[in-house]
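> Chains A and B are the protein sequences, given in the same order. Just so you know, we're using numbering that gives the first Met the number 0 here: the first sequence kicks off at 0 and counts up by one. Just so you know, we're using numbering that gives the first Met the number 0 here: the second sequence kicks off at 0 and counts up by one.
Watch out, some of these pointers could steer you wrong.
Example chain A residues on the side facing chain B (calculated, C-beta under 7 Å, incomplete) [unchecked claim]:
{"id": "1", "residue": "D53"}
{"id": "2", "residue": "G60"}
{"id": "3", "residue": "L138"}
{"id": "4", "residue": "P141"}
{"id": "5", "residue": "I234"}
{"id": "6", "residue": "I246"}
{"id": "7", "residue": "S249"}
{"id": "8", "residue": "N256"}
Calculated directly from the structure, the hints in this document are not laboratory data. In this text, all values refer to a predicted model and were calculated from it rather than measured experimentally. The beta-carbon is built from N, C-alpha and C at its ideal position, and this holds for glycine as well.
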Amino acid sequence: MFIPCDRGGGSTSPDFKGFTLLMPAVSVGNVGQLAIDLVISTLDMTKVGYFYTDCLVPMVGNNPYATAEENSTELSINAEVYSLPSKKLVVLQIRSPFIKNKYRPFCETLLSWVKSSKCARVVLLSSSHAYQRDDEQLLGTPLRYLLTPDLEKAVGGRMKELNWKEMERVAAYPGISDTDKVLHIPGGGITKLLFSESCSEGIQMAVLLKFCSEGDNIPDAFVLVNYLNEWLQLIKSEVNPSSQWKIPSSWRLLFGNGLPPALF
Amino acid sequence: MATFFGEVVVAPSRAGLDEEEEAREETPEDREIRKEIEKKREIDVLWTWRSGGCAEEPLACSRFVVAIGRNAAAFLSSFILDSVCWEVVGVVKLWNEWCRTSSTTNVLPTDSFCLFYRLISDPTVLLCQCSCYVAEDQQFQWLEKVFGSMQKKGLQVTILSTCPVADYKTQESTLTLVSPFLRALKTKEFQEQVCCPLLEQPNIVRDLPAA
Chain A
0 MFIPCDRGGG STSPDFKGFT LLMPAVSVGN VGQLAIDLVI STLDMTKVGY FYTDCLVPMV
60 GNNPYATAEE NSTELSINAE VYSLPSKKLV VLQIRSPFIK NKYRPFCETL LSWVKSSKCA
120 RVVLLSSSHA YQRDDEQLLG TPLRYLLTPD LEKAVGGRMK ELNWKEMERV AAYPGISDTD
180 KVLHIPGGGI TKLLFSESCS EGIQMAVLLK FCSEGDNIPD AFVLVNYLNE WLQLIKSEVN
240 PSSQWKIPSS WRLLFGNGLP PALF
Chain B
0 MATFFGEVVV APSRAGLDEE EEAREETPED REIRKEIEKK REIDVLWTWR SGGCAEEPLA
60 CSRFVVAIGR NAAAFLSSFI LDSVCWEVVG VVKLWNEWCR TSSTTNVLPT DSFCLFYRLI
120 SDPTVLLCQC SCYVAEDQQF QWLEKVFGSM QKKGLQVTIL STCPVADYKT QESTLTLVSP
180 FLRALKTKEF QEQVCCPLLE QPNIVRDLPA A
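Okay, chain A solo, but in the shape it has when bound (with noise of 0.2 Å):
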């Protein structure tokens, strides 16, 4: 799945043991993608494989994270690992949706790959649909995490430091109680596959993610970011963390085009 880029001198597949793998989930508002979009941009990091894999849409385009002419030619597909040795930092990111029925294969090659390269833990950018929110949820903060039990171990009391809440469990069949409490993420993509996976196969995997709905979703990806920032401290965060984070050129145009002069 995971094929090294070539740098030349002969080099041999680049070495994760030990690193957190960050990485999103392709979820509404693609808030996940656009906080690793940030993620990539400001630490300027460096490509060093791509998942060759039949579980994505393909699409291919020029460097999004292009800064001049010089570094603007290199291509770059749908799934792409980047890394940061100093911070001990590996990034995935995706870039287009799955197709239909391939969640559950990727999850799978994904994890074996987590466990091959030896990655001591996961951290999973994602969102849910703001309107699935109950009326407790509507107050207060829109962030939420969850820990597999591995990793709660870990790091479940920096979290309480932190003064983060976890995500609530929902009854699985609502208005009846005395139900089991289960866990739903509407518009999560493969957030709850891969975190239950991660709980069965004892992977350290957190997930971070945020309520909201589609969008202007940049807004969301920097709460998410600075949210992620909190824990890992992957830039400096002292008066304004949202100035901070280098937004990519790639972002021009969300919106679509320029007007036609001809409107007015």
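Mind docking chain B on chain A? Use the hints.
Relative to chain A, chain B alone:
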């Protein structure tokens, strides 16, 4: 999102979610139906120079030009292909909700087809005219089956396709753009001169040309 007062419409998500179906556990009947549909959507690549049966030698290929979509296929028909210099060497048989192709090589320009041609004077030069739509779940299969039959060392691939001008993202309005116009994407291994500007961010290419 409401249209008239009181009507609520569920907005489709840009994230392309279809998770209700994915979340349900598959029953044996579901699995059987899914496998039948997968079988129906399988692609067959039939090469005329192969008699079928066990593994054959991969086709030696130095240049492969793929024209995807009716416009690009018509371009090849009008300017490149003729019955004197080119011979048909293969056909793709597939079915999806948008089109069906058959194994016949005798096609009309208005048909949906996917044919492979070889230059008679240099049999390592291949052309593909793919005027049919290859669905998302078939694109990877098409790729593996077509390229799987070729030896890829030293192979140069050129992909021709078209996109609507309305999809082109630019600072100015597309109304004032002079069209048609060309744009290119190239891998870093491609060292030759490209005949037109490279595709600017944030434009992307999708579907079979991207695959």
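> Each hint should be assessed against the structure and marked as holding or not.
Results of checking the hints against the structure:
Because the closest C-beta pair between D53/A and chain B is about 4 Å apart, less than 7 Å, the hint holds. About 4 Å separates the beta-carbon of G60/A from the nearest beta-carbon of chain B, less than 7 Å, and the hint is met. About 23 Å separates the beta-carbon of L138/A from the nearest beta-carbon of chain B, more than 7 Å, and the hint is not met. With its C-beta approaching chain B no nearer than about 17 Å, P141/A sits outside the 7 Å limit, and its interface hint is violated.
The criterion of a C-beta within 7 Å of any C-beta in chain B is not met by I234/A, whose closest approach is roughly 24 Å, and the hint is violated. For I246/A, the suggested interface contact is broken, since its CB lies about 12 Å from the closest CB of chain B, more than 7 Å. Interface hint at S249/A: satisfied, since its Cβ lies 4 Å from the closest Cβ of chain B, which is below the 7 Å cut-off. Contact between N256/A and chain B, as hinted, is supported at the beta carbon level, the nearest pair being about 5 Å apart and thus within 7 Å.
In this structure, the earlier hints numbered 3, 4, 5 and 6 are contradicted, and the remaining ones agree with it.
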